[in-house]
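Here's the letter readout for the chains.
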Amino acid sequence: MKNILIFGATSAIAEALAKQYANDGHQLTLFARNEDKLALIEQDLRVRGASGVACVSFDAGADDCIAKLQRQLADIADPIDICVIAHGSLPDQGECQEDVQKTLSEIQVNGTSAIGILTLVANRMEQQKNGAIAVITSVAGIRGRQSNYVYGAAKGLVSVFLQGLGQRLAKSGVHVLDIKPGFVDTPMTAHIEKGALWAQPEKVAEIIYKRIAKKSHESHTPFFWFFIMTIIRFIPTAIFNKLKL
Amino acid sequence: MATISQISGWGNYPEIAAEIHTPARQSLQQGIALPSGYGFIPRGAARSYGDSALAHRVLSSRCLNRFISFDNDSGLLTCDAGVTLGEILTTFVPKGWFLPVTPGTKFITVGGAVASDVHGKNHHLDGCFSEFVTEIIVQIGDQVYQCSRQQYADLFHATCGGMGLTGLITQVSFSLKPIKSAYIRQKNIKTSCLAESLRVFDEYVDSQYSVAWIDCLATGEALGRSIISVGEHADQGALEPHQAPKLSIPCHFPDFVLNPLSVQAFNFLYYGKEKAGPEEQLLHYNPYFYPLDGIANWNRMYGRGGFTQYQFALPKTAGLEGLSAILDRIAKSKQGSFLAVLKAFGKHNNNPLSFPVEGYTLALDFKINARIWSLLNQLDEVVIHYGGRLYLTKDARMTERFFKATYPRWQEFNAIRDKYGATQLYSSLQSQRLGISR
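Sequence lines, in order, name chains A and B.
Here this note's numbering is used: the first residue of the first sequence is 1, the next is one more, and so on.
Here this note's numbering is used: the first residue of the second sequence is 246, the next is one more, and so on.
One or more hints might be untrue.
Derived DMTMM-like pairs: lysine to aspartate or glutamate, alpha-carbon spacing no greater than 25 angstroms straight-line [as the list claims (entries may be wrong)]:
1. K491(B) x E193(A)
2. K2(A) x E202(A)
3. K244(A) x E206(A)
4. K435(B) x E525(B)
5. K340(B) x D24(A)
6. K340(B) x E95(A)
7. K432(B) x E448(B)
8. K435(B) x E264(B)
9. K194(A) x E441(B)
10. K422(B) x D185(A)
11. K491(B) x D78(A)
12. K664(B) x E260(B)
13. K210(A) x E264(B)
14. K210(A) x E448(B)
15. K579(B) x E441(B)
16. K37(A) x D451(B)
17. K592(B) x E566(B)
18. K425(B) x D78(A)
19. K491(B) x E95(A)
20. K214(A) x E485(B)
21. K577(B) x E525(B)
22. K2(A) x E566(B)
23. K37(A) x E380(B)
24. K340(B) x E202(A)
25. K592(B) x D451(B)
26. K129(A) x D78(A)
27. K194(A) x E566(B)
28. K491(B) x D81(A)
29. K214(A) x D81(A)
30. K579(B) x E626(B)
Anything over 10 angstroms on all C-beta distances counts as not near chain B; from chain A, calculated [claimed, not checked]:
31. N23
32. G49
33. V100
34. I107
35. L197
36. E206
37. H217
One side only, chain B facing chain A, incomplete, derived with CB under 7 angstroms [what the hints assert, rightly or not]:
38. R307
39. R311
40. F312
Derived by calculation from the structure, the hints in this document are not laboratory data.
Computed from a predicted structure; not experimentally measured.
In this text, a Cβ means the ideal position worked out from N, Cα and C, and glycines have one as well.
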């Protein structure tokens, strides 16, 4: 039985992942803002066979969320075996450009709040000398594009942080995984028209589940995004700036 | 929030543009907020073949995908209607429980299993899925009905087999059955003609599961030759659930792949591979119940134009004569299908639109082409002559006259829909074609 923390547990990918861990009989602590939805998920995970489910209120947009988390983590018994960070929001780029507060709060929700969680959890795991950290970032964090660079910058911040963290924690046997999904058909993207590149959250969760078990370090999810993003990354800036991407 | 998508059933025919709504639960206490308006059809995993889950407005049960409670002593499971049978197996097989009734795919939802009142290889003993259902929650607009055989019994029976036309099924309680192993003891019996096939069904009437693959291109004395597979849950073997399919058909096959010759070759080889003389073998439930689930998107083999499945039931009295008449016509047409599945049905139940009648059912897949419609019209005449009917879940083309003649309780069904105010709110392309919706 493993002790697993999931942040943003009401997100479609995180819920699908939690279902897999519940089927395996693990102990789950779910962090999310919407407590009504958490109660529905808790009920489901218990039926599946989770050996325990705890729900904790966590609002990544609140200024004191990390200070609160520090106290909340003190109540969670050692060891923390797996920590999954899956919360996020997809802002409207146009609105961010018009409103500096909106931009900064999106950077907090998608970026710095994750850095806060990671800093606390990493130290615990480093002392334990084992554990796994998996964070859902995005292919949007690989190269800033005019259509969503606020979201991309926040995710990119987390990805770079994870590179350094992974290198540091490798010495203590802690596994760090950066998951970069492409387009996923979830409530966060409900307003966008879907095409062939879209994946279902259950599929993405299955890939994450396997990647955590295999201790891989980076995962474009599904894999074909690696090729798409490699091409996008190597477009010379002079040409890139003329594109509409 | 609604999105617009091109949708079709499993047969990829017909295809329409639809407004897709995905209602979700907000909390343990509150009901589900449904969009206002008329003419919605609930839609689960979209595995019905034809147009029964097609309408220009769709209520998808995709977000109703959670378990609610499970009683370890009785096996009673309560879950959201959008949970799939596959998910139930993944969760409960390791705990020693199995589905009481399952159709030939596990990729359907519980709500769909109720709305189609699905049957499986144990129908001759256990009946349809609804026999194991104790309670259904149906939402019609803002009204929530907790239906059972005791409470709102008319709505309960109309909803089982009601093709989603009585409202949105949001929650279902039904009992799982205990198993000791995930494996099935299977025995294959090869028969040389139809009369022998029907005799074997009679002989193995006490076997828990039975089904026949029938070579529908065989003619003359070999007409109706089959491989009949019977099975029982094994006592030995691990309680291990299935794995995700490893093979997938990546795109629609070009039209020439399936032609009379390739189908004939397949049927010939499939019949030939089975050795004479029954030998028992231990088979995991996944290949036993769901052989086609092993190839994701197998419907694409039929090409972009799609296919239709013709599944009819004939009363036992019509058995040999009626089935022979139909097989004869198919063999002569050379339009025979890859998969012709024959099964003996047990007693009919009390649900007005439930498909099974005591006797036999045969399911045939046909690639859509210009000649297929006249063949199916000919088969209709035989089916109606022998007092049979077609399965609404597979249908994309039966006529209103045919439906009303073969489902005599359709008026009673409509009266129940009227009584609960569901008639205007819920309709499908199929219900309009069949004159169920007014």
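Q: Could you check the structure against the hints above and give me the numbers of any it violates, in ascending order?
A: Checked against the structure, the hints that fail are numbers 1, 3, 6, 8, 9, 10, 11, 12, 13, 14, 16, 18, 19, 21, 22, 27, 28, 31, 32, 36 and 38, while the rest are satisfied.
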